[in-house]
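Model the full structure from these sequences, guided by the hints.
Protein chains: 2
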Amino acid sequence: MKDFVFNVDTKIIFGENQLSELGKEIKKYGKKVLLCYGGGSIKKNGIYDDITGELKKDGIEYVELSGIEPNPRVDSAREGLKIARENKVDFILAVGGGSVVDLAKLISGAYYLDVDPWQVVLDSSKIEKALPIGVVLTIAATGTEMDPFSVITNLETKEKLSFASDLVLPVFSFMNPKYTFTVPEKHTVAGVCDIMSHTMENYFSLGDGCYFQNKLSEGLLKTCIKYGPILKKDPKNYEARANIMWASTWAINGLLDSGKSTSWSVHPMEHELSAFFDITHGTGLAILTPRWLEHCLDEERQETIGNFARNVFDVKEEDDLKAAKEGIKKLYEFFENLGVPMSLRQVGIEEDKLKEMADLAVEHAGGKIKGFKTLYGEDVYQIYKASF
Amino acid sequence: MKDFVFNVDTKIIFGENQLSELGKEIKKYGKKVLLCYGGGSIKKNGIYDDITGELKKDGIEYVELSGIEPNPRVDSAREGLKIARENKVDFILAVGGGSVVDLAKLISGAYYLDVDPWQVVLDSSKIEKALPIGVVLTIAATGTEMDPFSVITNLETKEKLSFASDLVLPVFSFMNPKYTFTVPEKHTVAGVCDIMSHTMENYFSLGDGCYFQNKLSEGLLKTCIKYGPILKKDPKNYEARANIMWASTWAINGLLDSGKSTSWSVHPMEHELSAFFDITHGTGLAILTPRWLEHCLDEERQETIGNFARNVFDVKEEDDLKAAKEGIKKLYEFFENLGVPMSLRQVGIEEDKLKEMADLAVEHAGGKIKGFKTLYGEDVYQIYKASF
Chain A
76 MKDFVFNVDT KIIFGENQLS ELGKEIKKYG KKVLLCYGGG SIKKNGIYDD ITGELKKDGI
136 EYVELSGIEP NPRVDSAREG LKIARENKVD FILAVGGGSV VDLAKLISGA YYLDVDPWQV
196 VLDSSKIEKA LPIGVVLTIA ATGTEMDPFS VITNLETKEK LSFASDLVLP VFSFMNPKYT
256 FTVPEKHTVA GVCDIMSHTM ENYFSLGDGC YFQNKLSEGL LKTCIKYGPI LKKDPKNYEA
316 RANIMWASTW AINGLLDSGK STSWSVHPME HELSAFFDIT HGTGLAILTP RWLEHCLDEE
376 RQETIGNFAR NVFDVKEEDD LKAAKEGIKK LYEFFENLGV PMSLRQVGIE EDKLKEMADL
436 AVEHAGGKIK GFKTLYGEDV YQIYKASF
Chain B
76 MKDFVFNVDT KIIFGENQLS ELGKEIKKYG KKVLLCYGGG SIKKNGIYDD ITGELKKDGI
136 EYVELSGIEP NPRVDSAREG LKIARENKVD FILAVGGGSV VDLAKLISGA YYLDVDPWQV
196 VLDSSKIEKA LPIGVVLTIA ATGTEMDPFS VITNLETKEK LSFASDLVLP VFSFMNPKYT
256 FTVPEKHTVA GVCDIMSHTM ENYFSLGDGC YFQNKLSEGL LKTCIKYGPI LKKDPKNYEA
316 RANIMWASTW AINGLLDSGK STSWSVHPME HELSAFFDIT HGTGLAILTP RWLEHCLDEE
376 RQETIGNFAR NVFDVKEEDD LKAAKEGIKK LYEFFENLGV PMSLRQVGIE EDKLKEMADL
436 AVEHAGGKIK GFKTLYGEDV YQIYKASF
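Top to bottom, those sequences are chains A and B.
Residue numbers for the first sequence follow this note's numbering, so the first one is 76 and each next one is one higher.
Residue numbers for the second sequence follow this note's numbering, so the first one is 76 and each next one is one higher.
Simulated from the structure, these hints should not be mistaken for laboratory data.
No experiment lies behind these values; they were computed from the predicted model shown.
A few of these clues could be false.
[What the hints assert, rightly or not] Once the Cα atoms are required to be at most 20 Å apart in a straight line, the calculated SDA-like pairs of lysine to any residue come out as:
| id | chain 1 | residue 1 | chain 2 | residue 2 |
| --- | --- | --- | --- | --- |
| 1 | A | Lys311 | B | Glu392 |
| 2 | A | Lys86 | B | Asp78 |
| 3 | B | Lys404 | B | Val390 |
| 4 | A | Lys99 | B | Leu242 |
| 5 | A | Lys107 | A | Glu129 |
| 6 | A | Lys311 | B | Lys311 |
| 7 | A | Lys103 | B | Gly329 |
| 8 | B | Lys335 | A | Asn312 |
| 9 | A | Lys391 | B | Phe388 |
| 10 | A | Lys400 | A | Ser280 |
| 11 | B | Lys400 | B | Glu369 |
| 12 | A | Lys261 | A | Pro304 |
| 13 | B | Lys301 | A | Pro304 |
| 14 | B | Lys77 | A | Phe256 |
| 15 | B | Lys103 | A | Lys102 |
| 16 | A | Lys391 | B | Val80 |
| 17 | A | Lys428 | A | Phe463 |
| 18 | B | Lys77 | A | Leu94 |
| 19 | A | Lys443 | A | Lys460 |
| 20 | B | Lys311 | A | Lys107 |
| 21 | A | Lys77 | B | Asn92 |
| 22 | B | Lys86 | A | Phe81 |
| 23 | B | Lys86 | A | Leu242 |
| 24 | A | Lys391 | B | Glu392 |
| 25 | B | Lys253 | A | Asp78 |
| 26 | A | Lys99 | B | Glu369 |
| 27 | A | Lys307 | B | Tyr286 |
| 28 | A | Lys253 | B | Asp78 |
The structure is reproduced here in structure tokens:
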């Protein structure tokens, strides 16, 4: 186990009867809010009214940035910064999922800087001060509600890049499982895939002595395997929504990879796909992950993948290689049964772009993807082809 | 899953090469430190020199409160408060395990109040302001390094009572697994028992829909089951010390019982034993837990205990009652093989005090212990007798 620091101090306010605390929490930090949200679903399902009602009740002024898109774009951050600066806001309230919160993080980090926000994505060490952010989460997926990460897309440069800064960590997150009842099936499923991917990116490593963290990861994966299918049938199942929502937070907030040094593999590969073709992130991850594991499967890694199969999918096979193969198959089938389109072709990726995307994936990772198994351009290309 | 708030913002600085950050962390909060420690083992194993060296390096003044005993006593808090006030300290650095940190928490909470510290234990809502505390942990057991709880003994009144206040939560905790290399076998084992007990107190509940939390608990218990026996044979095994140490923090910091409403059962029963006879807390917990589970085992609870047996001890039995019985047996044997004296008689408890202690245990819990199964005085007496 490597040395590490764990310091994630977002206050989580979880449950169905908590929103009346919103004004009180905001007032600890500010009194004029930039309210960020997406395409307007929160107006249909009543969440917008709930929140603006609370703000009005507590006499908190707000201005709005709406229309933040999936795979949020740097253009929206430019627009948000303009509104925030013109109105001298002192707090950002992000109401939505990963896209809205990630975009809010960029506005937060760029607010006090005199540079284009894309420069902040490229070099987040510029951030020395940030606007405080609070979150009302409406979809369980990215874990952004309790982590310092943000992923932003630049369609002009065809780049989808992440940045991190402890200064943009949300100060609080309200997590009401009922607010996820109306998430469409496709995005519920993609969220489950995203959560599982974060967990597996943290989990797959070679002999780092982090047994405790890996046992937690296995428990988190089992939670997704139990409740994912339930949500498909019964999207208003509170227990299922609550378990998936709480699991999503812990998949990526630093606990599961505390003491580990493995870099992520599947996310860098997926980011190219959605930067080029704007596909749903979780779907891309689910398509790639089983193919990535197959590509990694060798004598050195078969025990790790075999244990994954036994501990997560209850595979009984004692032979590591056979167990590993069965586990990968079960993972594929799990995603397929959830209704994920399990090939790149089905989600509109064009075959003649695979090589270019593979080369860019490793270029953005600094020449190679150093994860569970080091991947070069050719490896990524093979994984894309196997996923096509 | 019930509504809850999770807000545990202790900064964890974990590993073997982190202590050079100590001065920097302290200076965020103060410049004159009350250094609290126990019976002097930190002088033998070099930890005292490490720490005072860091304080001197960074020009931080300190005064000392030494000799804090296991099952720390309110008298030591009185002494510490006198030293702290006379020297106008602005920070408390607790170097030790649960006893030292818990005592430091009482000094912290009582510092600004004009009442005897026992009054603070009896009513911690009095605390409105507290001295900040930092921790250098030297034993993995109580989880006090990242929680708001403290347990204090009053030998005059024969009471061992806990209090909680978010204001006494440590602001940072340095956790170096090597600092636990010299913990004697008896206390290493008692620590593992304590960690497992916290986890099981959180775990055993009826149908609360907290599957995710319970899966994490099972992973934490498996970590103890894997590394407890390794530490017995090889106390300087870094991986084992690190896993146990990190697990100890998460057994009780609020994650495993987030969304749960079950009260603890075994701790209130054990607190009477160590208030009367000053026995080792973890040992008392290990003796009582299997007998408590046997006492709870009925038609309503056999599935929960059966799942525990299957998921934690890999019991293959499909019948719940049989599985539950086998799981309880395996838990008993696990403690016994670790070298825990598995009867109250062996640790010096007197049989003729059982009834009095049982009555007081429920009295301190408000007339009954409302946990996995509600326990009245007669229940506690039966569990004590079965443990004798």
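So, going through the hints one by one against the coordinates:
Restraint check: the Cα-Cα separation between A:Lys311 and B:Glu392 comes to about 34 Å, which exceeds 20 Å; the hinted pair is violated. Our distance criterion of 20 Å between C-alpha atoms is met by A:Lys86 and B:Asp78, whose separation comes to about 14 Å. Straight-line distance between C-alpha atoms of B:Lys404 and B:Val390 comes to about 11 Å, which keeps the hinted pair within the 20 Å bound. A C-alpha spacing of about 19 Å is found between A:Lys99 and B:Leu242, which places the hinted pair at or below 20 Å, so the restraint holds.
With a C-alpha separation of about 14 Å, the suggested pair A:Lys107 and A:Glu129 falls inside the 20 Å cut-off, and the hint holds. Using a Cα cut-off of 20 Å, the hinted pair A:Lys311 and B:Lys311 is violated, with the two alpha carbons roughly 51 Å apart. Between the alpha carbons of A:Lys103 and B:Gly329 the distance comes to roughly 23 Å, so the proposed pair goes past 20 Å and is violated. Distance restraint check for B:Lys335 and A:Asn312: the Cα-Cα separation of roughly 18 Å lies within the 20 Å cut-off, and the hinted pair is therefore satisfied.
A hinted pair counts as satisfied when its Cα atoms are at most 20 Å apart, and A:Lys391 with B:Phe388 qualifies at roughly 16 Å. Taken as a hint, the A:Lys400 and A:Ser280 pair is honoured in the structure, with Cα atoms around 17 Å apart against an allowance of 20 Å. At most 20 Å may separate the alpha-carbon atoms for a hinted pair to count; B:Lys400 and B:Glu369 meet this at roughly 8 Å. Note on A:Lys261 and A:Pro304: the hinted pairing holds, with a Cα-Cα distance of about 12 Å set against a maximum of 20 Å.
With a C-alpha separation of about 32 Å, the suggested pairing of B:Lys301 with A:Pro304 is violated against the 20 Å cut-off. The straight-line distance between the Cα atoms of B:Lys77 and A:Phe256 is roughly 17 Å, inside the 20 Å bound, and the hint therefore holds. Between B:Lys103 and A:Lys102 the alpha-carbon distance is near 24 Å, which puts this suggested pair outside the 20 Å criterion. With a C-alpha separation of about 39 Å, the suggested pairing of A:Lys391 with B:Val80 is violated against the 20 Å cut-off.
Distance check on the hinted pair: A:Lys428 and A:Phe463 sit about 11 Å apart at the alpha-carbon level, within 20 Å; holds. This hinted pair checks out: B:Lys77 and A:Leu94 have alpha carbons roughly 15 Å apart, not beyond 20 Å. Distance hint between A:Lys443 and A:Lys460 is fulfilled; the C-alpha atoms sit about 18 Å from each other, no more than 20 Å. Restraint check for B:Lys311 and A:Lys107: the C-alpha separation of about 55 Å exceeds 20 Å, so the hint is violated.
The suggested pairing of A:Lys77 with B:Asn92 holds, with an alpha-carbon distance near 10 Å, which does not exceed 20 Å. For the proposed pair B:Lys86 and A:Phe81, the alpha carbon gap of about 6 Å is at most 20 Å, so the pair holds. Taken as a hint, the B:Lys86 and A:Leu242 pair is honoured in the structure, with Cα atoms around 15 Å apart against an allowance of 20 Å. Under the criterion of a C-alpha separation no larger than 20 Å, the hint pairing A:Lys391 with B:Glu392 is consistent with the structure, at around 16 Å.
A threshold of 20 Å between alpha carbons decides the hint, and for B:Lys253 with A:Asp78 the separation of about 12 Å falls inside it, so the pair holds. With a CA separation close to 46 Å, the supplied pair A:Lys99 and B:Glu369 exceeds the 20 Å bound. Restraint check: the Cα-Cα separation between A:Lys307 and B:Tyr286 comes to about 18 Å, which is no more than 20 Å; the hinted pair holds. The straight-line distance between the Cα atoms of A:Lys253 and B:Asp78 is roughly 12 Å, inside the 20 Å bound, and the hint therefore holds.
In terms of the numbered hints stated before, the structure departs from hints 1, 6, 7, 13, 15, 16, 20, 26, listed from lowest to highest.
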